[in-house]
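All chains should be built: construct the whole structure from the sequences, respecting the hints.
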Amino acid sequence: MGVNVWLFKLSLLLYALATLLYLVRVVVNKPDGDRWARWAFLLAFVSHTVTLVSRFYEAGYTPVTNLHESLSFFAWCIAGTFLFFDRRLRMAVLATATSTIVLVLMLFGSLMPMGVQALNPALNSLWLPLHIFMAFAGNAVFTVAFVAAVFYLLQERMLKSKKFSALYYRLPSLDTLDMINYRCLTLGFPLMTMGIISGAVWAESAWGTYWSWDPKETWALITWFVYAALLHGRLSTGWRGRRAAILAIIGFAFLLFTFLGVNLLLPGLHSYSSMGG
Amino acid sequence: MEILVVGLSHKTAPVAVREKVAFAPEQMQQPLEQMYALSQVSEAIIVSTCNRVELYAASNCASAALEQMKQFLADYHQLPAEQLDNHLYTKQGEEAIRHVFEVASSLDSMVIGEPQILGQIKTAYSYAAEYKTAGLILNRFLHKAFSVAKRVRTETNIAGNAVSVSFAAVELARKIFGNIEGKTVMLIGAGEMCELAAKHFINNGVTRVLVTNRTFSRAEKLAQEFSGQPILFENFKDQLHQADIVLSSTGATSFIINPEQVNSALRLRKNRPMFFIDIAVPRDIDPRVNDINNVYLYDVDDLQGVVNANLKERHKEAELAQLIIEQEIGQFQTWMAGLDVVPTIVAMRKHMEELRAAEVEKTFSSLKHLSDSDRKAINAMSSALINKILHPPTKALKQAQQDDCAQPYVDALQVLFDLELGAPEGKLKDVESV
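Protein chains in written order, with the numbering used here: chain U, 1 to 277; chain A, 1 to 434.
No lab work stands behind these hints, which were simulated from the structure alone. Hints are supplied without guarantee of correctness; some may be wrong.
Said to hold, decoys possible - Cross-link-like lysine-lysine pairs, in silico, DSS-like; alpha carbons within 25 Å at most:
1) U:Lys160 with A:Lys312
2) A:Lys150 with A:Lys70
3) A:Lys312 with U:Lys162
4) A:Lys362 with A:Lys376
5) A:Lys376 with U:Lys160
6) U:Lys162 with A:Lys183
Source: prediction; values computed, not measured.
Have a look at this one:
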């Protein structure tokens, strides 16, 4: 087993620790009681970063070519995006949810074959890191938007019905959650767009055609349209709040299907990262 | 030495009783000195607020002291003691310590978590310190209570959520808008509650106030008070879109704001959220307004509901606070127990040393032929004997103190060796601190 596999397991443990600490923080709801959780999460992220770098050196290519690597990299993108927002916002409930998602992705990643394989020649291109990074970073940003949207809807329901659960007292304001939705959209949409464009350019150089309507491409385009509609609605007609949250959730459902469902269910050109590796 | 509490509070006595036994804050010297003068009371503090009157004491003879304190409370206010009996509670030892910690942490308050009580106890303590009725034990005890209260405040969310209707409105606005700084409030009509809520909003950062009233001069007057802007009542619906928060309390008999108006205001403000607070009865705002996206409508009952929910949340936090208090009680009791062990050890040693010196002197007077070095040896031998004898009980006492069970040993030693501790009545009044 390579060093990176041990590092991966260490990161997994640290994420688990961070998630646990965040959970305790949310249950106990001490003012400013999440310092340890935040440090654990940051430590996990650093260790995860080292994991990816060491895997890069061990494999000799950007490690995003099988399901284990993809899940690990995706988890890393989400953790990074979350840390970006957490710098200022400091929200334990969001942190707990995000940390849990990262942990689940890492757990799935640990169940996949973790060995380094020879690179599929079709993927041996400089476009690989570029395309994948754009697409994954975009997906990660939209994942955070999804988490914020779910909490927005929950809290909006409580404010409208005037029935407050324990969660109410632990959530940030609607405005903050809506702002995360907006920020994620303006950050995630360009990333996703560039992900698709870079993919098309790469396809042209590898397969000789920009667009071949393979399932991944088709679903990515559909997802792109959902987010495009949301962005348009926000900017031009002042969609916000509930409607924006619902669309962020719908968009995420499409995104999830594009990212995982297509690989697992539909055969196509993109099936490098199916279960078989 | 034990901590004692005699008192009554909003939980045990109606205001008609509480007001009879209250102490005037500017005249604490006399009652404090009278209580201090009670034969079984070693140290005294009197806490008197509108919700409670409590006497704290340190004493060597709990039951007698409690009786004296009860009698004192009745006598001082010239009431028959029986009249208070049904309302008074008496606590001693651990129970008393727990009670005072809870009171200081605002767990025993009418509104749990309210911040005034700590200040009131601090004031009560400062009187006792000023008139020198608090000594070693109550000094330490009250400072402990203050630090417990501080821990509870910082480590739990006990004071976290609003428990008054007008402040609940501000908190809801924060939940919706995040930051209410720079937001605009529109006041429709006037009324005490409405003005109070408006003041809360302004204190919390709202910068712009629009005021409208059927009587324009009234609107102008209020607008001036809040440095806001008066609006003709006929026109307020056209200005509705400028308001983030609308406070309404008119005397109108039917709804003055309907969903259509809110919808068109919302369109003008590009769906930025609006928060309507309807304090009027009968209501001013059509409840269907609450069904519109990005619009939140709360009437008086809704706000009261929020307050009740917040109170429930505080009760949950109070359970956490209880854990902190239990920890601190343990610590304080260890300290208290230590007080009794050390004088006992000292007394025991002194007692033995006196016996030894007397016996050695007697021996020397009958054995005149002894040389100086022989005398020295006998002195050393007898001292070593005492040390050997005292070593195990001293060690056992200290251990018992750590295990929180020194009291029976101390009592037994005092009886068995007929020990007399430093001050006969156990008054440690002159020792200000440890």
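Tested hints:
{"no.": "1", "hint": "U:Lys160 with A:Lys312", "result": "20 Å, holds"}
{"no.": "2", "hint": "A:Lys150 with A:Lys70", "result": "31 Å, violated"}
{"no.": "3", "hint": "A:Lys312 with U:Lys162", "result": "15 Å, holds"}
{"no.": "4", "hint": "A:Lys362 with A:Lys376", "result": "15 Å, holds"}
{"no.": "5", "hint": "A:Lys376 with U:Lys160", "result": "92 Å, violated"}
{"no.": "6", "hint": "U:Lys162 with A:Lys183", "result": "23 Å, holds"}
Going down the numbered hints, you'll see the structure goes against 2 and 5, while the others check out.
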